[in-house]
Amino acid sequence: MKTVIKSFTIAISAAVLLPVSAIAFEASPLSLAATKPVSSAEVTGSVPAKISVSNANVFNRLLKKIEDPNAAPADDGIHDIENEPTFALQPPKIAYKGLPTSEYGNHIDWVKALDDGLLDPRYDRVDPSIEPFVMDLDIVRPVKASVPDVVFPHKPHTQWLHCSNCHPKIFIPQRLANQINMSAIILGQKCGVCHGKVSFPPTTKSCKKCHSKPKPSDWTPPLSDATVKNPWR
Amino acid sequence: MKAKTERTAMWKFTLFGVLAWMGVLVAPEPAQAEYADVVMNNYADAAGMRPVVFPHWYHRIRFRCKVCHADLGFKFKAGGNKITMAKIIDGKFCGACHNGEVSWSVENCGLCHSGIPGTPTHISGSTVQRLVAPAYKILDKKKTVQDGYNK
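Chains as they are written, first to last, in our numbering: chain A, 110 to 342; chain B, 639 to 789.
Among these hints, one or two may not hold up.
As a list, the in silico SDA-like pairs of lysine to any residue whose alpha-carbon atoms are at most 20 angstroms apart [as the list claims (entries may be wrong)]:
(1) A:299 <-> B:708
(2) B:720 <-> B:759
(3) A:202 <-> B:692
(4) B:725 <-> B:735
(5) A:317 <-> B:765
(6) A:278 <-> B:718
(7) A:174 <-> B:772
(8) B:720 <-> B:686
(9) A:314 <-> A:216
(10) A:264 <-> A:209
(11) B:713 <-> A:272
(12) B:713 <-> A:277
(13) B:715 <-> A:296
(14) A:173 <-> B:772
(15) A:314 <-> A:175
(16) B:713 <-> A:233
(17) A:174 <-> B:770
(18) B:715 <-> A:304
(19) A:299 <-> B:768
(20) A:314 <-> A:256
(21) A:202 <-> A:213
(22) A:264 <-> B:708
(23) A:206 <-> B:696
(24) A:299 <-> A:252
What follows is a set of in silico ranges between Cβ atoms, one per label pair, in the way DEER data are often shown [stated by the list, open to error]:
(25) A:261 <-> B:758: 31 to 37 angstroms
(26) B:744 <-> A:273: 27 to 33 angstroms
(27) A:177 <-> B:683: 24 to 30 angstroms
(28) A:243 <-> B:711: 20 to 26 angstroms
Treat the hints as calculated values from the structure; they're not laboratory data.
Predicted model, so just to flag it, every value in this text is computed and none were measured.
Note that beta-carbon positions come from the ideal geometry of N, C-alpha and C, so glycine has one too.
Sequences and hints are given; from them, build the entire structure.
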């Protein structure tokens, strides 16, 4: 009985003391941080690694960066270097010399290259003299969210493509007939049939290429139902 | 005494360096294939050939999308055209140009059939591939975790 009471008192005292020690422990690094100036290298660099610390604590755990986006065929990870003709293939960097760059996709601004006359790809399989049928018509698509509205320019699209590539299968040529959302695009539907696979991909850096028309100055984001009906509001 | 601690610290650093280097070697490298390169392996592996790698960039410098995707009938889907050598020598798909007239002829097998054997049909660098977590339902979640997703 005595031992039971003894262990009980130890447990209580431990329960009281532990949070105190925890607070003290937590406070010490904070006070250190306050006195010690933090250099920018410490903020941006990787976590100083010690073997005793879990190596899961790295910066940008889920960020995948491609080191060389325009690698030569032999270095690109999909071409077989056991295959002799792999080395006869042209490395993209040689072809891209002098073309305007971008921050995504092939890292080449293909539309600008065409506009600047740096490229003149054929519109016909064999006849280089055939001119594309270009239509200059911008379509404005209002967007529910707070991002700028979408302006779809037909011009750069018809410079490359034919009407039948998109209409009527991918985009029904009728007002309000096409429901588009970013999830569908990312999964390869609608605009995502090309954008995200061949033409410039939807990334944070490229949002404004499509979402380019600012909202009116008096625009406010519509409140969600959960907010309007929020009983604790 | 001080020299000794320094030496152990050095050892620790060296050991860590070696471990980190090994980690770099072992860790799967992110795919660096050119954006929009298409690997086609509907039938190649089964026929004992390397899969085909189609460089979109090379072709778009020379042709507008319309030529292949409207005139020649290539669907906008990797592996969706079910291309076979029989169709190519009949002048369909790649064979419309790769016939020794517009471009080099099909006896240059290894120029197209240049992919690493076993590579599945896909389009490299696509948004779906580059997502950190899949935006679609994984059929075999356990397997994907074992394969290293979400390390």
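* Which numbered hints turn out to be false for this structure? -> none
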